[in-house]
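Following our numbering, the numbering of the sequence shown begins with 5 at its first residue and continues without gaps.
These are calculated hints, taken from the structure and not from any lab test. Be careful, since some hints might not be right.
Cut-off 30 angstroms, straight-line C-alpha distance, at most; resulting in silico cross-link-like pairs (DSBU-like, lysine-lysine) [stated by the list, open to error]:
id	residue 1	residue 2
1	Lys-118	Lys-214
2	Lys-189	Lys-112
3	Lys-118	Lys-95
4	Lys-113	Lys-81
5	Lys-214	Lys-35
6	Lys-113	Lys-95
7	Lys-35	Lys-19
8	Lys-221	Lys-18
9	Lys-19	Lys-220
10	Lys-220	Lys-189
11	Lys-189	Lys-221
12	Lys-35	Lys-118
13	Lys-35	Lys-220
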Amino acid sequence: MGELVIQNLSKIFKKGNQEVPALLNIDITVKDGEFVTILGPSGCGKTTLLRIIAGLETYTGGTVSLDGELITGPGPKRGMVFQEYSLFPWKTVLGNIMFGPLMRGVSKKEAEEKAFSYLELVGLSDFKNSYPYELSGGMKQRVAIARALANDPEILLMDEPFGALDAQTRNNLQNELLRIWQEEKRTIVFVTHSVDEAVFLSDRIVILSKRPGTIKKEIPIFIPLPRDRTRPEENRIRNEVLRLLDTNANPRPNE
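Please model the entire structure based on the sequences and the hints provided.
So this is what it looks like as structure tokens:
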């Protein structure tokens, strides 16, 4: 349940008569329950890769499959959380979270019970009747996470979900996400520009090269949770990732 396999994936955009390669020869396997972060310079294809996994973007070559089933379009096994909160402004917090289950034919009672359980999980039970405009940015993103989880996806796809938040709220939500991930035991593929965030959250970091995006290196992180951002091991990994992201740096032998 929740194993994602990407093999020899490529994506080429066409602009008139011109072909613009975005991703080339991507091979990634994300195991069930693993937290994998995609990191790379701006324009390297991180979001394109995530949208392909979500089924929101087609691909030119290779295969993408979840639990052995080819991904050819959107599906309930994959939940997406965007940087923009993407909440329905005319629905309450409860209504936003209930929407997905109701669309899948779940009874109103069951959808409500599921929504209440995820509201409790993200600490927003007291705001069930609030509307999005009444919430802070951090609270909106918690609702977005709860809404995605309420659909019971096997894999949660997160595209810079904390990128628009202030540093303190971002750190708080990183801790919340780790708590939810440990409780829910779902597979997560996470895209970010933040090296610190990637090292703090991930089981493994996949670093993409500048466009066209290819896999530059995969870095496993064996530091147990909860993590301490000041720990020497984390600093060592951060420095390695920053060096790999430096497009002007000369590669070392065997890289």
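- prompt: Hint by hint, which ones does this structure get wrong, listed from lowest number up?
  reply: 1, 7
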